[in-house]
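Here's the letter readout for the chains.
There are 2 protein chains.
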Amino acid sequence: MVLNAQSIVNAVLHGNMMVASRLMRDLDDRVDAAQALFAEIYSHTGNAQIIGITGNPGAGKSTLVDVLITAYRKQQLKVAVVAIDPSSPYSGGAILGDRIRMQRHTSDDGVYIRSLATRGAFGGLSRSTLDVVSVFDAMGVDRILIETVGVGQDETDIMKLAHTTVVMTVPGLGDDVQAIKSGILEIANVLVVNKSDRDGADTTAHELFQMLDLRSDNKDVDIIQTIANAPDINKSAVFKLISSIDKHQASIAQGQARDALLHKQATIYLKELVRSLLADKITDIAIEHGGFESLATSVAKRESDPYTVAHAILKDIQQ
Amino acid sequence: MVLNAQSIVNAVLHGNMMVASRLMRDLDDRVDAAQALFAEIYSHTGNAQIIGITGNPGAGKSTLVDVLITAYRKQQLKVAVVAIDPSSPYSGGAILGDRIRMQRHTSDDGVYIRSLATRGAFGGLSRSTLDVVSVFDAMGVDRILIETVGVGQDETDIMKLAHTTVVMTVPGLGDDVQAIKSGILEIANVLVVNKSDRDGADTTAHELFQMLDLRSDNKDVDIIQTIANAPDINKSAVFKLISSIDKHQASIAQGQARDALLHKQATIYLKELVRSLLADKITDIAIEHGGFESLATSVAKRESDPYTVAHAILKDIQQ
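Read top to bottom, the protein sequences are chains A and B. First residue of the first sequence? That's 1 in the working numbering, and the numbers climb one at a time after it. First residue of the second sequence? That's 1001 in the working numbering, and the numbers climb one at a time after it.
Treat the hints loosely; a few may be bogus.
Stated by the list, open to error - Lysine-lysine pairs mimicking DSSO-like chemistry, simulated, CA-CA at most 27 Å apart:
id, chain 1, residue 1, chain 2, residue 2
1, A, Lys-315, B, Lys-1264
2, A, Lys-264, B, Lys-1315
3, B, Lys-1315, A, Lys-315
4, B, Lys-1281, A, Lys-315
5, B, Lys-1160, A, Lys-301
These are computed hints drawn from the structure, not numbers from a lab.
This is chain A alone, in the form it adopts within the complex (with noise of 0.2 Å):
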């Protein structure tokens, strides 16, 4: 069944998630029918709570996740997961792994999981992000949670996103230098502590403590330890976390702040949008004149610079 512009418009507005993956899919393959369905669902968008799960990998996000799936649907809320793989270099694709735990949600209506990877040349993996997480949007979704291993700048950009961004630790990892090193810890604004019950947890939580105390503003970041498995998570550090989640949505819920926000994540897509779109053109016209590796033949064999031949190539663009 082919459907026109205003049955999928309506069909992603009522949630359907058969006919928003076709949308999301189409978007990051370039369609241009899908910009102006796109463009006519955008200002249905704005509404979503968006929390960023962040951390080092093996700290426990997808549990975390998990039992955020759970609290949130009890609350009668809908819930979609942006599951964020950096793609490996050498396979292209992406290795879910502790994925699977969360695929018992799958049958829940309420809940929308979509896994994302990296790709092409120039990225992209944010462009993709924010295009999927603002049809989750226009579909009525409540809470988004985006889900990234954290220390790269591609994940601290996507991160920028997020309204409220938990950042999971666990103990051992290094000093308190290495952790600042990272940039992760100053994005925060709820911090956990997982696995908490291997040696050094309370070590790491005074010293997640104490940076917090450097920071010039933003400091009012709760700091929470938990278990690592699942069932074994303590009920009151999960009703803890959430209670830190709520509170600071709270904060930037309404007014000036919300403004603020919703200005923020449109400069945000604006600059990623452009610098994807850029992307797309310059690699047409790499493809035009055989790939770039045959254009760096010459910068190969030091008979050009790469200078030189960048400039040549851009003036194409201006054509």
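Please build the complex by placing chain B on the supplied structure of chain A, with the hints as guidance.
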């Protein structure tokens, strides 16, 4: 003293770090004249061996770099270190911390050290790294060590320009699936399990071994166990590590392998430079319109959508 172009080129080719630092900074600051100078020195590049050192925060990368500097200096080789710190999104700066350890080498004429942090709206860390590595290469440096925290896409990209990639891990970071997820293992030519006095070191080494077994190519990777602090690393482990790096470097030093490597690097350089030069241009255009923040207002108010506005900005670039 103002140097003319030929004097600057000569000073760089003779290894004058003060003049070279100025060129690196000018390239980073987008000074047109610097690009002309760079074109002059680029034909003198392609001789250095580039070694990437990556791994989780706290894995002991700086210690390893320190050990390698000492070993290469004993062989009378010139060494440069490019230390990459993901910048903090709040302070915009980078905290060096354990970099202090390296300071003892700064009085050695044959050791060059440069720290880089991410910058600007569209990153450009890879461009800066490529520029700095090329200038070191033209200066006659024999070994260039690039040290970076290693799980983000940005940094995986940077690692692609290394001839030999050393990936460090520590025991107890999580199960094997999590480790594959980060994509970091697949680019390794040498694997180091540091802090191997900790519980679980043998398990980690064994898991790495099993994973290598799953690779379709690039299987000949040594796994070396070392222990945390520089004075404590036992000599045989360091010797083994350096032999492993040398063995890999020898396998790619000549003939077709060398040509393929130079071509791959030229391709990476060119792609990154086109991307970065375009990003500069987008920033200029946005500033003309009062910045992205101003352009984003209609998107934030849902009066327009990001695709429509982004396409309008792109039209401006093509004029």
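Practice item. May I ask which of the numbered hints given earlier this structure violates, with the numbers listed in increasing order? Key: When the structure is compared with the hints, none of them turns out to be violated.
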